[in-house]
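Asker: Work out the full structure, taking the sequences as your base and the hints as a guide.
Residue numbers (my numbering), protein chains in the order written: chain A, 230 to 505; chain B, -2 to 251.
Hints are computed from structural coordinates only; laboratory data are not their basis. Just so it is clear, CB atoms sit at the ideal spot from N, CA and C, and this is done for glycine as well. Careful, some of the hints might be misleading.
[To be verified] No more than 30 angstroms apart at the CA atoms, straight line, and that leaves these computed lysine-lysine pairs for DSBU-like:
| no. | chain 1 | residue 1 | chain 2 | residue 2 |
| --- | --- | --- | --- | --- |
| 1 | A | K333 | A | K346 |
| 2 | B | K166 | A | K347 |
| 3 | A | K342 | A | K361 |
| 4 | A | K361 | A | K464 |
| 5 | A | K346 | B | K166 |
| 6 | A | K333 | A | K361 |
| 7 | B | K5 | B | K181 |
| 8 | A | K347 | A | K333 |
| 9 | B | K166 | A | K305 |
| 10 | B | K40 | B | K216 |
| 11 | A | K347 | A | K361 |
| 12 | B | K166 | A | K348 |
| 13 | A | K333 | A | K348 |
| 14 | B | K181 | B | K166 |
| 15 | A | K342 | B | K166 |
| 16 | A | K361 | A | K348 |
| 17 | A | K305 | A | K361 |
| 18 | A | K346 | A | K361 |
| 19 | B | K166 | A | K333 |
| 20 | B | K181 | B | K(-1) |
| 21 | A | K361 | B | K166 |
[Claimed, not checked] Here are some chain A residues pointing at chain B (derived, C-beta under 7 angstroms):
| no. | residue |
| --- | --- |
| 22 | A290 |
| 23 | R311 |
| 24 | L312 |
| 25 | W328 |
| 26 | P338 |
| 27 | L341 |
[Said to hold, decoys possible] So these bits of chain A aren't anywhere near chain B, every CB distance computed over 12 angstroms:
| no. | residue |
| --- | --- |
| 28 | E250 |
| 29 | D261 |
| 30 | L292 |
| 31 | Q321 |
| 32 | K361 |
| 33 | Y410 |
| 34 | E421 |
Here is how the chains run, residue by residue.
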Amino acid sequence: MSVVANISAVEVIGASKIFNEGTDNQVDALLDVNLTIAPGEFVSLIGPSGCGKSTLLRLIANLLEPTQGEISVNGKTSAQARLDQEYGMAFQQAGLFDWRTVSKNIELPLELKGWDKKKRAVRAAEMLELVKLHDFGNMYPWQLSGGMQQRVAIARALAAHPPLLLMDEPFGALDEMTREYMQGELLRICAETATTVVFVTHSIPEAVYLSNRVVVMSPRPGRILEIIPVNLGSKRSELTRAADGFFRSITSVREALRGTHADHVASTAIRGVEDR
Amino acid sequence: MKTLDRVKNIATPFVFGIAFLGLWEGAVNGFDLKPYFLAAPSKIMEQFLNNTTRIWEATAVSGSNALIGLCIGTIFGIAMSFILSRFRFLNELVTPLAISLNAIPIFVLVAVLNNMYSITSEIPRRFMVTLVVYFIVLVNVARGLTQVSSIQVELMRSYAASEFAILRKVRVPNAIPYLFTALKVAAPASVITAFVSEYFGGLQNGLGSRITSNIANSKNAAAWAYVLGACLLGLAFYTVSIILEGLTRKGQSK
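Answerer: Right under this line is the structure:
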């Protein structure tokens, strides 16, 4: 019984990734990363540009193979997890298909799973309801605003009800107001669907507001410096953004990032992380 | 207001055209230009109306050469672009060649082709049109198949989609606007190639050869009448390619 309950959503053991190994432009993107994520957890990866957070996300997604180490998703190898569509993915750009309506975009992963038309349409309608875009199913992506497009991308990532959602700076291109709104929406959606999330971001407040734990990474080679638990409770609201605990956590994450600064003399080490 | 704008849009070039023809007519009469120098529009129109059957026959010959070449070239161009998009190394080999061929007037090759076939054959001209169209379609469609958003491809891979599924759901839809852009260029090019091919000998039944022979006989107005036919043919091809593009877009334009 307890064996099933103990399966981690994501398990990364001793993972390293080296690009162009043995050539002049060899890049040590990740070095000996260990990370275990429990089901239902929201974990952010934060760090300066080039710290390998996107690489780590792609290793979990099996879009890249690790040079060393092992990765499992839901107790399966990451390769098997990808084949079984155990996760959904969203990127900084919504990446919607211009020639498909909003509904048809959401149906895409279901099409590839071989669902029939009727079942797909029902699920697409459900997902549109979830992201509060029920009136927009027949529109085309370019008729929507950036924030709406990103909501469609999230609906598409969750359409097959995967237990895991992988997000690579999904709100990076949005304005601050939309961004905060989307953060609230994402938390609501994940709570409603009990989805585990791995979330890559540049923004400290965003990481703290969303996460149960914030994974702070250092650049070249990318390593985990510290994993900071955020104790803001499971229910977060706009009031959370004004809470003392919120600012304390922000300070902890910032100090952990500054640690990078002390280790690596280069003052550019924390470039690319937003303090706001 | 919208209808007023539309009327304005159509009326402006129309008025300009009439004015231009009026000026032309006036210049020919006023300066007493000789017909072998410049024929008056009224004379050209007269020739055109007197020779509609012959002009139509010549147009049908050149037009069918252009159309046959356009169709075959498009089919082969699409087929080859699929092969190129599948095999990267072939793409790197062929694409620079195809692009450079698009930049030079390869239709002069028709002279060589005429030598290869009997001079009573339409094949050299059709083959020439095919070749010109082929490279235009090839370059554009191959671009559409390969220049897809990396995020969309990554997404498809995250869905464990096969290469074939990526082709069908990402590459082909992405390439369709590229195909119609190619056709918009290729359709007028096919007509031009069909005309120009006729200047290099062979059968004397198309618009191009009629223009040459009329000019050789100093029948300037008649030559202009065939030029008018050629313009109309080119316009027809272009219009059809635009209408086709509009049909496939169905409100998907940005």
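Asker: Please write out, lowest number first, the hints stated earlier that are contradicted by the structure.
Answerer: 17, 30 and 31
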